[in-house]
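Those protein sequence lines, which keep their order, are chains H and S.
Numbering (my numbering) for the first sequence: 1 to 512.
Numbering (my numbering) for the second sequence: 1 to 512.
Rather than coming from a laboratory, the hints here were simulated on the basis of the structure.
One thing to keep in mind: the hints can contain errors.
[Unchecked claim] These stretches of chain S come out as covered by chain H in the derived footprint (C-beta under 8 Å, 3 or more residues):
| hint | region |
| --- | --- |
| 1 | 440–452 |
| 2 | 473–485 |
[To be verified] DSS-like cross-link-like pairs, simulated, lysine-lysine; straight-line CA separation at most 30 Å:
| hint | chain 1 | residue 1 | chain 2 | residue 2 |
| --- | --- | --- | --- | --- |
| 3 | H | Lys286 | H | Lys101 |
| 4 | H | Lys512 | H | Lys185 |
| 5 | H | Lys355 | S | Lys387 |
| 6 | H | Lys286 | S | Lys286 |
| 7 | S | Lys408 | S | Lys388 |
| 8 | H | Lys387 | S | Lys355 |
| 9 | H | Lys140 | H | Lys254 |
| 10 | S | Lys185 | H | Lys355 |
| 11 | H | Lys141 | S | Lys185 |
| 12 | S | Lys286 | H | Lys254 |
| 13 | S | Lys41 | S | Lys185 |
| 14 | S | Lys408 | H | Lys140 |
| 15 | S | Lys185 | S | Lys101 |
Since we're looking at a predicted model, the values are computed, not measured.
Heads up, the beta-carbon is just placed ideally off N, CA and C, and yes, glycines get one too.
Number of protein chains: 2
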Amino acid sequence: MCKQVFTAILFLIGILNLESQSINQNVDQWYNQNEHSIVSKYFEFLSIPNTYNDKDDLSKNALFIENLLKSAGVATQLLNNKDQTAIPVVYGEVLALGADKTIIFYAHYDGQPVNPTQWATGLEPFTPVFITDRVDLGGKKIDFPEIGQRFNPEWRIYGRSSADDKAGVYTIIEAYRYIRNAGIKPNVNIKFFFEGEEERGSINLESILEHHKEKLRSDMWVICDGPMPASGKKQITYGVRGDINVYMTIFGAKRPLHSGNYGNWAPNPAHKMARLLASMKDDEGKVLIDGFYDDVIPLSEEERNALNKIEDPGAMMQGELGFAASETVGKTFLECITSMPTLNINGMSAANTGKLAGNIIPATASAVLDLRLVKGNTVQGQVTRLKKHIEKMGYKIIENEPTDEERKQYSNLIYFAMKDGYPAQRTSMSHPTAKVIADALQKSVYDGELIQMPSSGGSLPLYLFEKVLQTSPVTIPIVNYDNNQHAENENLKLSCLKEGIKSLTSVMMNAK
Amino acid sequence: MCKQVFTAILFLIGILNLESQSINQNVDQWYNQNEHSIVSKYFEFLSIPNTYNDKDDLSKNALFIENLLKSAGVATQLLNNKDQTAIPVVYGEVLALGADKTIIFYAHYDGQPVNPTQWATGLEPFTPVFITDRVDLGGKKIDFPEIGQRFNPEWRIYGRSSADDKAGVYTIIEAYRYIRNAGIKPNVNIKFFFEGEEERGSINLESILEHHKEKLRSDMWVICDGPMPASGKKQITYGVRGDINVYMTIFGAKRPLHSGNYGNWAPNPAHKMARLLASMKDDEGKVLIDGFYDDVIPLSEEERNALNKIEDPGAMMQGELGFAASETVGKTFLECITSMPTLNINGMSAANTGKLAGNIIPATASAVLDLRLVKGNTVQGQVTRLKKHIEKMGYKIIENEPTDEERKQYSNLIYFAMKDGYPAQRTSMSHPTAKVIADALQKSVYDGELIQMPSSGGSLPLYLFEKVLQTSPVTIPIVNYDNNQHAENENLKLSCLKEGIKSLTSVMMNAK
């Protein structure tokens, strides 16, 4: 009896493995035959600057994506909101005869700002190049291979958005191109939705979804964004944290002053900023703002069980990233990023440091924060708590440059502004379509188990799909975890392109 | 009897006034006749970049100064140290027949680094221009006047070192040019000493003085550097604070990390820097480092009396500079800058702020401090206290980029470096030659009293003149207080050129 069950299980594993092998082998073969043109085209895509807010550059990207889709046989359309004020979404659809299910694939084509001087020597954000390994590990630049020459899957493609998130856009389209070229008829309707304002906080996504509600009906959104786990294992993610950006500037004298001639007397806004920031978080990683953790809804039992099944990559990554102690004392990596809100300094500045430093008292000091939210947190709630804390520290909050009158009246003046933020979102791990997609993705896994992650640490405004369309999303990350996304030296491991195409092909073919 | 004394006093005042009037009128007349060429030449001088450490540019400045001196009939020489490792001093001398006193006039020709992007629109650090008023008060750029057109003494000359300290170099030379052109024979030996490494902490000044000890024998050094008081009154200063620069960098992960995917887990060096800096000074301006004030030698009774005679400009400047409360609670401006050491943040940085900010956890955070010293403080003493404090806060101090081993071993790593610092110096207000110079300077004052300041807030390594040459210095500041020295938008009020020449002429003619 026991033996029979065992044999049956082995048989089932055999079928699954065969199916996996066949998808993987076929896509492999097609990819290997076409690698030169697939990668060349990707380089071309990465050469188009895509800093968020730059309308002209972004419309060049949109045009490029439309052409990609058209060449894969997909009818395209640009979607805007009612007022036509958004950077448009590039939309495409392929309706399957008699299909009763629709899956929408999402990625975004805009990127974070770049400061080219911070990139490693020889790297330019919008001139993609191959490097043999990570630049900080001694990788060397190499020429793009001639046709017929070998590509090494360990190579990295360096350039802004190589990982975040042109990789998402490109692998989704190339996965569909494979299906079409192979003559496979999808058994679900497939829709493509490529946003151009994600790095800007998706400020118009809601009005776009609202304006195209009918067209965007679906059973599930599949989001292709964010990094795979450090182990390199394939993963499905059921949620995201929310995010708010806050910009603060503290004012000293109207102009920088000589630190000798005015030192001890003129107020130093850098010192004030240091004291204010220090008051917000202790050296065990705990945020000291009143009520900061009050709204948090803890993980459900199902989510906590799923998390417990994942090997925590903290120790491994810590060695590789080079630090001796994590910020939050007593919490694992997975707890830190899934179940707790953050208050993080993105950047801080006052006058100059290094060779440009002068003996002065700076006139202003600035800091940019981001606050990640988990389920339960609201944007308004967290911002209000932060503002109350700043006021408690003796500051008068202003929303413009201070007037002479304000300078005279208040000892501590702070400019405070926020970019539209958004809350966290979590899809239930028991959602039926989510289960179908997880199973479909599992088919592209060679061996071992797909990682099922209750929430990523990163953010996307996925709550909008629930709010406007009453549809839940899941996320399939496809890029290497060490991609330097949002920072200088962003890069994509070449192997991620092929594996990403395999994952998405598998979902498109098996999501019925 | 009383009446006779009174008459005698009136008579003496009359003589003094007559003498003042005559010097002032004669220099006025000469300056007004030659203003176009005097100012043109100064613009030419300011066009030569002079960032400290830039050997090539500094040697162009030295050559320019030598030519200026030669054209005023002064024999010149470049002085270096024994090892020939310094940026040379431009030296000149005029020996007076039978003179038994020698005065050396000092200024420096190197400047602080520039960050052109921080300068106001239309201003370039090394393209001097006339602006009708301070740029932040709405001053407008105007063309350089044609020959015969009027110059307005309220105009500002914008450019790096327009105030600090090419103004010193230039007015000293032009004062002597006036004397020579007027056929006046000086009755003291006059020497010129223009340093090229002051902004670099005068790292070779000691070895230069040592190497040219004989040539540099004198009765007094007259230092022409730093700003006049905000009242615009003429001043003689008997001392300076010392100065130390400290460069610190705190390390997080080896590379910037996505603030969502790693937030709460990866250590944030900006938060650490904020906490470290906050631990150094409280919000009443008190430095919290153990023993920071222990060595301070308070002002003498004579110095305190002199200070009490000066109207404190704090309240007036505070209104103009636009802040409601000074940094140190309960101390006047004059106390703050003369009698207390400082710990000041010159600059602070971590990743980017403003539009370039990304949603990241910075990899490093840096700060530059300067510590001003007063009499009694030693460089070693203050630096040791600072380092002990940093260690007490849990940091391992390193002097290079951290190794992988160090990253693994220490939770808190800080790079710490200092530029050679130097102590404070104060010349006794009863020094006989100092009294002669003060009297000589008084003659260039139209009315009212010369301000006698025991110490400036700024720094110069004047202790070296005492240490190496056993000679004391006094300082005669000639530039407007609101000159933005060391920062962007440095400027000189045109009237300071003429008044500076008058002051120095008066000293050169009357210092016997």
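**Prompt:** Are there hints from earlier that the structure breaks, and if so, what are their numbers?
**Reply:** 1, 3, 9, 10, 11
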